[in-house]
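Asker: Sequence:
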Amino acid sequence: MDPDPRGVAAVMRLESPTPDAPTAPRVEDGAPAPSAPGSTPVQKVAGVVIRFAGDSGDGMQLTGDRFTAETASLGNALATLPNFPAEIRAPQGTLPGVSSFQLQFADHVVLTPGDAPDVLVAMNPAALRANIADLPRGGVVIADADEFTKRSLQKVGYTVSPLEDGSLESYQVHALPLTSMTVEALKDSGLSRKDSERAKNMFALGMLSWLYDRPTEATERFLETKFARKPQIRDANLTAFRAGWAFGETTEGFAVRYQVAPAEHPAGTYRNITGSTALAYGLATAAHKAGLPLVLGSYPITPASDILHALSGMKRFGVTTLQAEDEIAGVGIALGASFGGSLGVTTTSGPGLALKAETIGLAVMLELPLVVVDVQRGGPSTGLPTKTEQADLLQAMYGRNGESPLPVVAASSPTDCFTAAMEAVRIAVTYRTPVILLSDGYLANGSEPWALPSVADLPAIDPAQATGPNGAGDDGRPAFRPYLRDPETLARPWAVPGTPGLEHRIGGLEKADVTGEISYEPENHERMTGLRQAKVDGVAVPPLEVDDPVAPDGTRARVLVLGWGSTYGPIAAAVRDARAEGLQVARAHLRHLNPFPPGLGDALRAYDRVVLPEMNGGQLALLLRARYLVDVQSHGRVRGRPFSAGELLDVVRDAVAALPDTDSAAAASPAAGAVAESPQEARR
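Be aware that the sequence shown starts at 3, since it is given in the numbering used here, and climbs by one per residue.
Take the hints with a grain of salt, since some may be wrong.
[Said to hold, decoys possible] Calculated pairs, EDC-like style, for lysine to aspartate or glutamate (alpha carbon to alpha carbon, straight line, at most 20 angstroms):
| hint | residue 1 | residue 2 |
| --- | --- | --- |
| 1 | 157 | 89 |
| 2 | 232 | 222 |
| 3 | 232 | 197 |
| 4 | 291 | 464 |
| 5 | 189 | 199 |
| 6 | 232 | 199 |
| 7 | 152 | 199 |
For the record, the hints were derived by calculation from the structure and aren't laboratory data.
Please work from the sequences and hints to get the whole structure.
Answerer: Shown next, in the form of structure tokens:
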């Protein structure tokens, strides 16, 4: 596959699990490890959360991406959370213009980018003001003192610099002249002062790379490649990056530097990957396993555009991408490609999904494979284009005219986007139906280490396209019956145009059963409506797995925390913390939202209380209550950001505290298969 278009790919080969590999010893209570005389002591820590924040033109996303790549190549577990304004160039130095990138990296598997940063790198007063409330007392602030000018302070409501008025005395503050040090390092570069200042993010990256013992080779190679055609800019960025490292090495401003050992990973080849890139790879891989060319018809829309970018670089893998003039044209291209025998895919976000609704309904009527990727964002209307939400579920389920059912699949993590994409293609091709695949901005832009799978080990997908007549006409001669269904899947034949003997009528008018002719008969319409619904209901999906470890006295949990999509990480972290407190809590997570997995109803009824966190007003809770008549307790939030594990831990505590004190309830156990929590799941 092509490199990650955002430049954050870092590949790592583990020949054996890291417990067998040499790693630095852990130090109790974070005590500094011995170091060479005259050097800064090294303190070994289990994990760190860093947030880079600055103006939207300060390169914070690039800085975070490069630090992430360095961290991935070192073998740490990690999770990231980019956060940036929707405007291409937001007002400079203002609160709405602040861009940030948060990264958690650790010597154990992490489930979220962290609830709060341990370190805040603030490149200007706006970045400090927008983020300081999230930094716990005692946290580290690294600020560019040069940017705390009277004018910059006034823009965000400071009358006196917080670096000087004592308001930050409860934090470890390092006020450093990052801009002037960068300009000084580049005084011989031939660049103007303004252009030299733009490299201050690389100076900061070099300094943080030294402070946290990150490798630098990958970033240097990246800069050499990215600016190969601009030697002056390349050399300036490299110089600034190296100067930042040298400053960290020579300054006495930091009492210690930090070291985080590699995490335990199964043997294999790993790379850091974003959700959008993983999803693109999953689509291309699934098309390969099905032996089909992939055709993407798409209109650029935040935050789904990166899928278009990634797939556009895969032409040699049989992928064709067409950037359409609008959302309706994009889905029309994809459906036309499916009619022509290819795998048709279209990508969008919530506003685009609304525009595609009529053509998706046509795909339901034609019963052709089609994958519609919806990378959800905050709404309604334009809403919050760069923020995350899970509020398109009801639109995915019912946002079309008439009875037009289709399967809905949701990814749960950036790396899971690969698996979810393959599953969406499997269902679409096998059952001849459009499938909506739900991701969101958190998954799309976030990243984590991904173990590259063996393509040979991935399941095959059989398109089973029609090759000849499948029935007989009224005269007894062989004839093609376009709506004669497979008895197991209820899928109709996939007839590629131009195949001799497969001529048939096509269009959006109701089809007669078996023959596919136009039909206005009431009984036929009801039968075809029922068949389309039965086909979706019959999609084969794995049964629900409930993680409910048995207590020493043999009892099981009475509270189930259920989730779907990107809430997986915060829920898993919150449940793990609740169990550490001695609370018995079960959890389950849904990939398939239509149809629901077998065993879901039994599992919901087996618990005294079911809590469902989701980033909407309670959409899945509404569906589950209607379907299973279970009082699912919704915990909905629409703040444009993912849940924190700490918030959900409070929700779990409240749910356990509200349980009725009855012996019979305590003996309840889930009917669905319970599986033990993986030992790899560690702190959030």
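Asker: Look at each hint and say if it fits the structure.
Answerer: Here is what the structure says about each hint:
1. With a C-alpha separation of about 18 angstroms, the suggested pairing of residue 157 with residue 89 holds against the 20 angstroms cut-off.
2. The straight-line distance between the Cα atoms of residue 232 and residue 222 is roughly 15 angstroms, inside the 20 angstroms bound, and the hint therefore holds.
3. Under the criterion of a C-alpha separation no larger than 20 angstroms, the hint pairing residue 232 with residue 197 is consistent with the structure, at around 13 angstroms.
4. Simply put, residue 291 and residue 464 have alpha-carbon atoms about 8 angstroms apart, close enough for the 20 angstroms limit, and the pair holds.
5. Among the hinted pairs, residue 189 with residue 199 is consistent with the structure: their alpha-carbon atoms are about 11 angstroms apart, no more than 20 angstroms.
6. For the proposed pair residue 232 and residue 199, the alpha carbon gap of about 17 angstroms is at most 20 angstroms, so the pair holds.
7. Distance restraint check for residue 152 and residue 199: the Cα-Cα separation of roughly 19 angstroms lies within the 20 angstroms cut-off, and the hinted pair is therefore satisfied.
Hint compliance for this structure: every hint is met.
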